[in-house]
Amino acid sequence: MQKYGRPSPKSLIDNTPYQNSTKKQILATDILGDLSKPLEYDETSIWQVLTQVQDPEIPTVSIVDLGIVRSVSLSLRQISVEVTPTYSGCPATDLINDLILEALSHAGYWNIKIEQVLSPAWTSDFITSTGRKKLVDAGIAPPKGLVSKSSLIDREISCPHCNSENTRLLSEFGSTACKALYQCHDCREAFDYFKCI
Amino acid sequence: MIKNTKPVDTLFIYLLRLADSNLILSQRLCELCGDAPSLEEELAISNVALDLIGQAKNWYEYASELDPLKRTADHLAFRRDAHEFYNVLLVEQKNGNFAETITRQFFFDAWHLSILESLQDSKDERIKSIASKAVKEVSYHLRRSSQWMIRLGDGTELSHEKMQSAINQLWRFTGELITSDHLEDALERDGLIPDPRKIFGLWKHSIETVLSQAKLVNPDYDAWMYKGGKQGEHTELLGFILAEMQYLQRAYPDAKVW
Ligand SMILES: [Zn+2]
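Residue numbers (my numbering), protein chains in the order written: chain A, 1 to 197; chain B, 1001 to 1258.
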């Protein structure tokens, strides 16, 4: 793999062209200037870099494990990364784009285009089994079952601390839009539940 | 002004109706930030407001692409005057007491879920994808507001009385949700939006199921209704909401650093 040096993170932040929220495409060439040589990239190593990018709201889980990164594709001159927001109003969307751009740039990639896709809509089914394990480790109950196989709501949620199913819903909405607040009757701990959606 | 518009303008106005209703309700809910009856409710209300604003952003971005005046999504949200807003009158009503906040939310959520579910069958791919995303979020909104309707309606004598009075007071703003005008009829003929009778059926079913469980009286569908929000004629409340919401963007137009 050929590498082309590192831009400073500051230049990325100062010049991000998508301050205007209607503009969806971010071209690193806007920041890094002209490229004279074709680039040699491979998809696997790009996915590896993205796996290191943590979700800003749940910093133990990567954006790949949360299923936010939908695809990586390469053309002769460009890396395209498709991302989808977990929720329409997810306030971390712009930050996640920044983090992706920063991680790939630091790994030596450039000419990166990040595209927002809404369809197919993100579902908690996209969270990988690694992601689900890491949620439990962080004290967050992972989404129960698959949305595609049953109804969205009304299920028994297991406590991430003691595994008991003797739990109750405290609030439909927790610390972020994607979580609900539960309490365990056995160990008495309150915990976040990553909602099925 | 809305009459005799070209098809794209028609869709543009319709997208603004969806976006504006979301945005104004979201702004109303944000007034409760720091002022909700309990911490859990504060989180819930803020999260619902956030979902609504995110969906509004998606609608505004699409509308912006169709705008004959080529305004940006931010411009549409923060630089238009009250008579150019097409939100339903229900969402600009005051938060009032908690019974009124929840009843307004419940009437809106029941309509919102019905319309979004049906918009998933739109012939327009963009509408389909925005609606499919939003529908999951709104199913949680409706579940929460329905649970409150039942808990308070079928609660104490006082909570029941307050809920019934909120329903009676806000009912006159619901007509607009479920009746169409020539603009919506035209979009329906093109297969872009659902048949209003279908929406009415779904809405009515939600309302009747929850109100009967909540032991609350379902008002008459033929009652006299306020209308005009979707055509840009608003109650005096909207101006005050916009004055607060748009202050910064109007005072410092096109500012890049806040
Ligand atoms: Zn427990």
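Careful, some of the hints might be misleading.
[Claimed, not checked] Listed next, the stretches of chain A that the computed footprint assigns to chain B, with coverage defined by at least 3 CB atoms under 8 Å from CB atoms of chain B: (1) 47-55; (2) 70-79; (3) 126-134.
[What the hints assert, rightly or not] Cut-off 25 Å, straight-line C-alpha distance, at most; resulting in silico cross-link-like pairs (SDA-like, lysine to any residue): (4) K1094/B - K1256/B; (5) K133/A - K113/A; (6) K1256/B - K144/A; (7) K1128/B - A103/A; (8) K1215/B - K113/A; (9) K144/A - G108/A; (10) K1128/B - K133/A; (11) K1128/B - Q48/A; (12) K144/A - Q1147/B; (13) K1128/B - E82/A; (14) K1128/B - L118/A; (15) K113/A - Q1147/B; (16) K144/A - R1143/B; (17) K113/A - T1072/B; (18) K1256/B - D98/A; (19) K1128/B - N163/A.
Calculated from the structure, these hints are not laboratory results. Where is the CB? At the ideal position from N, CA and C, for every residue including glycine.
Taking the hints in turn, this is what the structure says about them:
no.	hint	in the structure
1	47-55	violated (count 0)
2	70-79	violated (count 0)
3	126-134	violated (count 0)
4	K1094/B - K1256/B	violated (32 Å)
5	K133/A - K113/A	violated (31 Å)
6	K1256/B - K144/A	violated (43 Å)
7	K1128/B - A103/A	violated (33 Å)
8	K1215/B - K113/A	violated (55 Å)
9	K144/A - G108/A	violated (39 Å)
10	K1128/B - K133/A	violated (33 Å)
11	K1128/B - Q48/A	violated (33 Å)
12	K144/A - Q1147/B	holds (22 Å)
13	K1128/B - E82/A	holds (19 Å)
14	K1128/B - L118/A	holds (10 Å)
15	K113/A - Q1147/B	violated (44 Å)
16	K144/A - R1143/B	holds (18 Å)
17	K113/A - T1072/B	holds (22 Å)
18	K1256/B - D98/A	holds (18 Å)
19	K1128/B - N163/A	violated (39 Å)
This entry does not satisfy hints 1, 2, 3, 4, 5, 6, 7, 8, 9, 10, 11, 15, 19, going by the numbered hints stated previously.
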